[in-house]
Every structure is written in C-alpha cells, then in structure tokens.
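Number of protein chains: 2
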Amino acid sequence: MTYDALKKSLWMYASGPDDDVVVSSRIRLARNIAHIPFPEAASDEHMAQVLALVAQAQNNDAMQQFPTQWLSLSELDAVQLHLLIEKHVISPQLAQCSEHSAVMLSEDESLSVMVNEEDHLRMQVLLPGLQLHEAWRQAYALDEALESTLDFAFHDQLGYLTSCLTNVGTGIRASVMLHLPGLALKKRIHDVIESVTQIGLVVRGLYGEGTDAKGNLYQVSNQMTLGKREEDIIDHLQNVVRQIVDHEKLSRSQLIHDTPAALADRLWRSFGALAHAHIMTSKEATEKLSDLRFGIDIGLIDPPPKRPMNELLVMTQPGFLQMQFGDEMSPMHRDVYRAKLLREALADR
Amino acid sequence: MTYDALKKSLWMYASGPDDDVVVSSRIRLARNIAHIPFPEAASDEHMAQVLALVAQAQNNDAMQQFPTQWLSLSELDAVQLHLLIEKHVISPQLAQCSEHSAVMLSEDESLSVMVNEEDHLRMQVLLPGLQLHEAWRQAYALDEALESTLDFAFHDQLGYLTSCLTNVGTGIRASVMLHLPGLALKKRIHDVIESVTQIGLVVRGLYGEGTDAKGNLYQVSNQMTLGKREEDIIDHLQNVVRQIVDHEKLSRSQLIHDTPAALADRLWRSFGALAHAHIMTSKEATEKLSDLRFGIDIGLIDPPPKRPMNELLVMTQPGFLQMQFGDEMSPMHRDVYRAKLLREALADR
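Taken in order, these protein sequences are the chains called A and B. Just so you know, we're using numbering that gives the first Met the number 0 here: the first sequence kicks off at 0 and counts up by one. Just so you know, we're using numbering that gives the first Met the number 0 here: the second sequence kicks off at 0 and counts up by one.
Simulated from the structure, these hints should not be mistaken for laboratory data. Careful: at least some of the hints might be erroneous.
Claimed, not checked - Below, computed lysine-lysine pairings styled on DSSO-like, alpha-carbon distance capped at 30 Å:
id : chain 1 : residue 1 : chain 2 : residue 2
1  : B       : Lys7      : B       : Lys248
2  : A       : Lys339    : B       : Lys186
3  : B       : Lys6      : B       : Lys339
4  : A       : Lys185    : B       : Lys282
5  : A       : Lys339    : B       : Lys248
6  : A       : Lys305    : A       : Lys7
7  : B       : Lys213    : B       : Lys185
8  : A       : Lys7      : A       : Lys248
9  : B       : Lys248    : B       : Lys282
10 : A       : Lys248    : A       : Lys305
11 : A       : Lys339    : B       : Lys7
12 : B       : Lys7      : A       : Lys185
13 : B       : Lys6      : A       : Lys305
14 : A       : Lys282    : B       : Lys186
15 : A       : Lys305    : A       : Lys6
16 : B       : Lys6      : B       : Lys185
17 : B       : Lys185    : B       : Lys248
18 : B       : Lys6      : A       : Lys186
19 : A       : Lys282    : B       : Lys282
20 : A       : Lys339    : B       : Lys305
21 : B       : Lys305    : B       : Lys227
22 : A       : Lys213    : A       : Lys185
23 : A       : Lys186    : B       : Lys7
24 : A       : Lys213    : A       : Lys339
25 : A       : Lys305    : B       : Lys339
26 : A       : Lys186    : A       : Lys213
27 : A       : Lys282    : A       : Lys6
28 : A       : Lys7      : A       : Lys339
29 : B       : Lys305    : B       : Lys6
30 : B       : Lys185    : A       : Lys339
31 : A       : Lys282    : A       : Lys227
32 : A       : Lys248    : B       : Lys339
33 : A       : Lys282    : B       : Lys185
Stated by the list, open to error - Quick look at which bits of chain A chain B covers, simulated, 3 or more residues with Cβ under 8 Å:
id : region
34 : 67-76
35 : 274-285
Everything numeric in this text was worked out from a predicted model, so none of it was measured. No residue lacks a Cβ here, since even glycine has one placed at the ideal position from N, Cα and C.
Using the sequences and the hints given, assemble the complete structure.
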C-alpha cells in the first residue's frame with residue numbers, strides 16, 4: 000500500500016484542551032512477541048516472522064474497531080520516511096532499520112503501530128492538546144485488541160519485557176509536546192526543566208531523544224515504567240504538565256502586562272519576516288513560527304493565518320520540502336522555497 | 000504669520016528626472032547687504048536693519064513673480080523649527096540663531112530665502128530629481144528680483160562678498176541629494192566618495208555639514224565658488240552626478256542579476272519590519288526606508304506604498320513626531336509612535 004504523504008494528521012489540525020500550550024499528547028506502549036528474540040538480536044527470519052504475525056493480528060476481530068493501513072517501510076522513499084518522522088507518526092529509529100520494518104496507521108494518523116523498531120511493536124496514540132487520559136484509553140484498547148491474537152512477552156513479577164530496560168514493566172511512555180515561549184522569554188525555562196528532571200521526568204526537543212528544543216517546543220515524558228501502574232504514571236505526568244502550563248500562562252500574562260510594546264514588536268516582526276522573507280533557513284522558520292504561534296495564542300496576531308501553525312511547522316521542515324521537489328533540492332533552494340511557502344501561507348491572512 | 004507645518008514641500012511629492020537615484024537638486028546663493036557687518040559681527044540693530052530691508056524687498060515689483068510668506072523664526076516653536084530643517088527648507092544653523100532670523104518661503108517650499116544665517120541672505124531653490132539647471136534658472140531670477148531693490152556687497156575682482164571665504168565669488172552652492180543603496184551594497188560607496196572628493200566636490204550626509212550619511216543618502220556639492228562661472232560650476236556637478244547615477248544603476252543591475260534572491264530577501268524583510276514592527280528607532284527607520292525606496296525604484300516592491308518615500312522619511316524624523324505629540328514625548332514613546340505611523344502608512348499598500 001502506498002502512503003499519501005499529504006494526508007492530514009489529527010494532532011496537526013484538530014484542537015484540544017489547553018492547546019495554546021500543549022501541542023499534543025502521546026501514549027506509546029512497547030510490546031514484544033513471546034519466544035522471538037528482540038529486534039536487536041533478531042535474524043532476518045525472526046523479523047519476517049514478527050511482520051507476518053502482526054499483519055495477521057491487524058485483521059483479527061478485535062482490531063476491526065481500529066481500521067489501519069499497513070505500510071512496509073522498505074517501499075517508502077527517503078522523503079516519505081522523513082515526512083512521517085516530521086509528522087511524529089514514526090520515530091527516526093524506525094526509519095533507520097526500514098528493511099524489515101512496517102507501520103500500521105489509522106486514517107487520521109492518531110493511531111500507529113511501529114513494527115520492528117527497538118521492540119517488536121510500539122503502539123502510539125497521538126492526540127491534540129492535553130489528552131493523556133483519552134490517549135491512554137485508546138492505547139489500552141488497541142493493546143487489548145492486538146493481544147487478543149498475539150502472545151506478548153510478559154513476566155509475572157516484572158511485567159512486559161522490552162528491549163531497553165527502562166521500558167520493562169508497563170512498557171508505557173506518556174509524553175506531551177509543550178510550547179513554552181513565555182517561560183523562554185522570561186528566562187525561566189532552564190529552572191523548569193531542572194525541576195521537571197528532578198522529579199523523574201525527561202525533557203527533550205522537538206524530534207525526541209538527542210534533539211534540541213527548537214522553536215521553544217519541549218517533549219516531557221515519564222522515565223520509569225517499572226513498578227508503577229499506568230494510571231499513576233499518567234496522573235503524575237498530567238499533574239506536572241498542569242503546573243508547567245500554569246507557569247507558562249503566568250509568564251505570558253507578565254510579558255503582556257509588563258512589556259506590551261516589546262512583546263508586540265518581537266512577535267509582529269517575526270510575522271513580518273515570515274510573511275515577506277525570500278530566503279529562510281529551517282532554524283529561523285522554526286524560531287519565528289514559535290513567535291507567530293505565541294502571538295496567535297495570546298490573541299495579539301488577529302486574525303490568525305488560515306493555515307494551522309502545526310501545518311506551517313511541518314511543511315517548513317526539510318522532508319516536506321524535499322517531497323515537493325525531490326532529492327535534487329540544494330539547501331539554498333530549500334531556503335528559497337521555504338520562504339515562498341511561508342509567504343503564500345501568510346498572504347491570505 | 001504662522002507656519003502650517005503639514006504643508007507639502009514640492010521636492011517631497013513631485014517627480015523629477017532620474018529621481019530613482021537623485022532625490023533632489025538644490026541651488027543656494029549667499030548674499031550680503033553692502034555696508035552692514037556680516038551676521039557674525041553684526042549687532043542686534045544691524046540684524047534688525049537687515050530684516051527690515053529684506054522684508055521691504057519681498058514686496059518690490061520684481062518679487063511679485065515669487066509670492067512668498069514671511070516667517071520670523073522667533074515666532075516658531077522648537078518643533079516647527081525642527082520640522083523645517085527635516086524638510087530641508089532651512090538649515091540647522093539658521094534655527095540656532097532664531098532670535099533675529101527669518102525665512103521667506105514660497106507656497107510649495109521650493110523657493111526660500113533665509114535671513115541672518117551665516118550671511119544676510121541665503122536664497123535656496125530645491126527641486127525634485129536631477130534639475131540643477133532649472134534650479135539655477137529660478138535662483139538667478141530670484142537673485143535678480145531681490146537685487147532690484149537691495150544693494151548686495153560686491154567686489155569687482157572677487158565677486159559677491161560672503162561671511163565664509165569658501166563662498167566668496169559667485170556665492171553659489173549647487174548640491175544634489177543622492178540615494179545610493181546599490182553602491183553601498185556592492186561596497187563601492189567609499190571609492191565613489193573618494194573620487195568625488197578628489198575632483199573638488201564635497202560629500203555630506205542627509206542633513207548637511209557634519210551629519211552622517213544615514214539611509215544611503217548623500218549630498219554632493221561644489222566646494223569652490225571663486226573664479227568660476229556659475230554655469231561651469233553647475234555643469235561640472237551635473238556631469239559628475241551623471242556618472243555617479245550611471246555607477247549606481249550599474250550596481251543595481253548587478254545585484255538584481257547576480258543575487259536576486261538575496262536582494263529580494265533583504266528589501267522585503269525591511270518592508271516586513273517597517274510594516275509590522277511596534278518599536279522603531281529613527282536610525283532603523285531611515286535604514287529600512289532606504290531599502291524600501293530601493294525596492295520600489297527597481298520595481299521589486301510593487302505596488303509601492305501610497306505614501307511617497309520622502310514623506311515617510313521626513314515623518315519618521317524626531318521633529319515631525321514631536322509636532323504630533325509636543326515636547327513631552329520620550330524617546331521610547333517616539334519609537335513606538337514612529338512604528339505606528341509606519342504600520343499605518345504601509346497597511347494600505
């Protein structure tokens with residue numbers, strides 16, 4: 000089956016609770032099929048066996064409530080893979096081992112199951128705004144449906160067995176993508192990251208592990224998966240995120256109250272650059288789109304652009320641009336085309 | 000008589016030959032009344048005598064072809080004086096000795112006669128574009144008209160006597176205001192200034208002697224006034240300006256041909272900042288308005304803003320802004336109000 004790269008991901012277009020700060024919420028479950036080595040140690044035959052078993056499970060009775068398409072990563076080109084990463088539908092790791100990997104994907108891309116990433120199965124539910132509990136409800140149901148015909152590796156005392164020790168137990172990773180321009184401008188962001196890290200949560204950049212926090216976008220997720228109930232993990236993250244959201248909103252109020260002209264100047268200048276520049280790097284676009292998103296969320300930039308901010312963010316990433324022009328595109332051409340896309344997107348505000 | 004500060008100067012609104020490079024042409028004649036000490040050495044009585052004589056001459060028969068209003072500088076407030084300087088109608092020097100000074104001003108402000116500046120009379124004709132010969136024609140006629148009832152200090156061998164030795168002889172200063180963004184971007188501007196200086200011309204900034212060349216605006220004028228016919232002085236300046244105009248146009252063509260994206264990026268980003276910033280200093284406005292003027296003159300920024308560039312330049316100077324709000328305006332308020340004026344001026348492009 001081919002992948003329609005222009006397909007719209009739910010998290011990019013729908014709204015959700017507190018989505019002026021919380022861009023998206025995600026639950027990921029790591030599962031492995033019993034009696035088959037983890038992907039790291041698996042032979043080609045083992046991996047093919049996993050693919051066959053999961054493909055079979057895709058069609059079991061319980062899975063009929065989750066209609067998905069099956070994409071073999073070996074059939075996708077580099078640009079399509081890049082785009083799936085930029086849309087947060089698959090991980091960069093899965094794209095790297097694309098030969099024996101696949102992904103099951105729901106129509107709105109809110110549900111996905113990566114096959115033969117670090118674990119045999121990585122299920123993901125990705126929703127707009129702060130919806131950790133709803134994401135968990137869907138992930139739980141998806142897990143049940145797959146488990147109705149798959150035999151997951153499970154240890155009575157440890158729980159689900161996973162490739163990486165940090166995932167053993169519940170195999171759950173709950174995360175949120177936060178947009179924190181207020182805390183960044185008030186220079187409080189490092190204090191917040193430090194506090195969050197001290198209570199056992201992890202803070203990462205836009206594209207997960209090892210990436211920088213570009214455009215004031217931060218991923219916050221749980222670290223521990225062993226010896227805790229899933230609900231407790233999610234409650235804990237939800238409570239911390241609630242507090243970060245409050246801090247962010249306080250910082251925004253202070254900026255609006257204390258330095259309204261300086262704030263308007265910064266955010267509108269970023270709009271001016273996005274709407275008029277003819278050359279723009281990915282880095283600058285991400286930074287200025289953060290300002291624009293901030294301006295829209297506080298009602299300063301009104302009317303907002305018709306194109307959703309998440310779409311502008313994704314469409315200015317290198318993968319999306321290459322999809323339009325193929326691999327031939329030089330970085331300079333990319334910067335020129337990115338600026339053109341942004342001008343067009345902001346012209347009909 | 001009061002001064003209507005919102006009156007429009009001809010050079011700011013009319014078009015003229017080569018006005019994509021030559022903003023304006025100016026002829027200034029220095030004259031002194033015989034047997035009265037130069038202003039530098041004159042008593043209050045002497046200056047009052049000069050004012051009376053010139054006021055009388057304003058109404059002589061020959062002057063009927065040049066209808067002018069009479070403004071006593073002592074009756075203008077600091078803000079009105081500042082604005083007259085920014086419109087290039089009077090010199091900063093005249094404003095400094097405002098107690099015994101006056102200016103005669105034609106309806107379109109293209110003709111002016113400063114009284115009791117460095118010399119008793121300084122006549123000025125200021126026209127848009129490259130019109131040195133036309134400006135000289137008018138200045139000559141104005142000089143004749145005033146001389147029909149005034150006795151100018153004249154020496155058979157030296158010519159007209161003036162306060163400063165550099166003006167003795169013809170008493171003429173011919174100058175043009177040039178906008179040279181192409182030469183500036185191609186880093187050729189210093190070579191041009193050096194060449195021009197070596198052949199006996201003077202290069203100055205936007206507001207004459209001792210001011211910086213802000214916004215790529217340069218005043219080029221003759222240095223010598225003694226032992227040359229006025230026509231020769233003007234021909235010489237005209238020829239040199241012609242060459243500078245050609246060099247500037249060549250630089251512009253090269254920029255458009257060699258680095259079109261970089262040029263469009265720079266000029267449109269300046270437009271974006273002017274159209275959207277909420278705080279803007281006078282320095283930044285002048286620089287960015289130079290980019291905007293450049294973009295309009297090469298047809299890149301199309302349609303151009305409805306407000307003429309010269310008006311935008313003048314209305315963002317401190318004097319104009321203070322006129323709107325009085326002396327109370329702090330520099331920060333000025334920067335906020337300047338940005339507001341520019342946003343409004345560029346919104347209805």
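Status of the hints after comparison with the structure:
1. Lys7(B) x Lys248(B): holds (29 Å)
2. Lys339(A) x Lys186(B): holds (28 Å)
3. Lys6(B) x Lys339(B): holds (21 Å)
4. Lys185(A) x Lys282(B): Roughly 28 Å between the alpha carbons, so the hint for Lys185(A) and Lys282(B) holds.
5. Lys339(A) x Lys248(B): Between Lys339(A) and Lys248(B) the Cα gap is close to 28 Å, so the pair holds against 30 Å.
6. Lys305(A) x Lys7(A): Status holds; Cα separation ~15 Å.
7. Lys213(B) x Lys185(B): Between Lys213(B) and Lys185(B) the Cα gap is close to 17 Å, so the pair holds against 30 Å.
8. Lys7(A) x Lys248(A): holds (29 Å)
9. Lys248(B) x Lys282(B): holds (25 Å)
10. Lys248(A) x Lys305(A): With a Cα-Cα distance of about 24 Å, the restraint between Lys248(A) and Lys305(A) holds, given a limit of 30 Å.
11. Lys339(A) x Lys7(B): violated (39 Å)
12. Lys7(B) x Lys185(A): Violated: Lys7(B) and Lys185(A) sit about 46 Å apart, past 30 Å.
13. Lys6(B) x Lys305(A): Distance of about 42 Å is beyond 30 Å: violated.
14. Lys282(A) x Lys186(B): holds (29 Å)
15. Lys305(A) x Lys6(A): holds (18 Å)
16. Lys6(B) x Lys185(B): violated (37 Å)
17. Lys185(B) x Lys248(B): holds (12 Å)
18. Lys6(B) x Lys186(A): violated (49 Å)
19. Lys282(A) x Lys282(B): holds (28 Å)
20. Lys339(A) x Lys305(B): holds (25 Å)
21. Lys305(B) x Lys227(B): Distance ~43 Å between Lys305(B) and Lys227(B) Cα, so the pair is violated.
22. Lys213(A) x Lys185(A): holds (17 Å)
23. Lys186(A) x Lys7(B): With Cα atoms ~48 Å apart, Lys186(A) and Lys7(B) exceed 30 Å; violated.
24. Lys213(A) x Lys339(A): holds (21 Å)
25. Lys305(A) x Lys339(B): It holds: about 25 Å lies between the C-alpha atoms, which stays within 30 Å.
26. Lys186(A) x Lys213(A): holds (15 Å)
27. Lys282(A) x Lys6(A): holds (25 Å)
28. Lys7(A) x Lys339(A): OK: Lys7(A) and Lys339(A) at ~21 Å, within 30 Å.
29. Lys305(B) x Lys6(B): Measuring from Cα to Cα gives roughly 18 Å; hence the hint holds.
30. Lys185(B) x Lys339(A): holds (26 Å)
31. Lys282(A) x Lys227(A): With a Cα-Cα distance of about 39 Å, the restraint between Lys282(A) and Lys227(A) is violated, given a limit of 30 Å.
32. Lys248(A) x Lys339(B): holds (28 Å)
33. Lys282(A) x Lys185(B): holds (28 Å)
34. 67-76: That given contact is violated, which follows from only 0 residues of the region 67-76 of chain A lying within Cβ reach (below 8 Å) of chain B.
35. 274-285: Since three or more residues must qualify, the claim that chain B covers the region 274-285 of chain A holds, with 5 doing so at under 8 Å.
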